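Colleague: Sequence:
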Amino acid sequence: ALARTAPGIRVRVRDAEGDESLLMVLDRQVDVAVAVEYRGAPGEDDDRLTRVPLYAEPFDAVLPAGHPLATGDRVALAALAKDDWIGQSTGNPCHDVTVLACEYAGFAPRFAHVSDDFRAVVALASASAGVALVPRSALRGTDLTGVEIRPVDGVAPTRRVFAAVRRGAEEHPLISPLLTELRTAAAD
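Sequential numbering from 40 applies to the sequence shown in my numbering.
Honestly, I wouldn't trust all of these hints.
[To be verified] Listed below are the simulated SDA-like cross-link pairs for lysine to any residue, each with C-alpha atoms no more than 25 Å apart in a straight line: (1) LYS121 with ASP156; (2) LYS121 with ARG87; (3) LYS121 with GLY111; (4) LYS121 with PRO174; (5) LYS121 with LEU93; (6) LYS121 with ASP70; (7) LYS121 with ALA162; (8) LYS121 with HIS134; (9) LYS121 with ASP155; (10) LYS121 with ARG189; (11) LYS121 with ALA159; (12) LYS121 with ASP135; (13) LYS121 with ALA166; (14) LYS121 with PRO107; (15) LYS121 with GLY185; (16) LYS121 with ASP192; (17) LYS121 with SER154; (18) LYS121 with GLU83; (19) LYS121 with ALA168; (20) LYS121 with GLY105; (21) LYS121 with ILE48; (22) LYS121 with SER165; (23) LYS121 with ALA95; (24) LYS121 with PRO97; (25) LYS121 with ALA140; (26) LYS121 with ASN131; (27) LYS121 with LEU221; (28) LYS121 with GLY145.
By construction, these hints were calculated from the structure, which means they are not laboratory data. These numbers come from a predicted model, not from an experiment.
Work out the full structure, taking the sequences as your base and the hints as a guide.
Modeller: As structure tokens, then:
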């Protein structure tokens, strides 16, 4: 869409973890970062960055097919306290969301497997290696054979996705159209 609305802007993508991506913005290695909230991130009150909220999305429970809790419409996290868990690496924002959600439900997840690749997480659950929490958008386009996806009962764990630019750069003629397109895409 950006090629149509702002044909003179060339976009290059660099994959980086959240903490690294915000530092790249501050160090002028990139102009815009799309990131998720994480512990230790520069906060909304950090005057070096402007954050543009894009969307918030829930995490869903990924259960092996045949799991006793896969029969209901929703799953209570506390009911998964005795299960083995498949999670992300320490420092990954999704790891933090999982740990905090489980702690809120009254237990610490017992991580039997760790992968930052959500396709691998789902494949491990499919092999009955454990249960997991996965952001809903990460399940799109993933082979869900052998798993059951259930929303979390009560307040769902959520990640907030935002774009970040250096303070004052949000109105730059090369950055503003990109932020507009990101907002539009996130709203769809």
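Colleague: Taking the earlier hints as the rules, which of them does this structure contradict?
Modeller: 2, 5, 6, 18, 21, 23, 27
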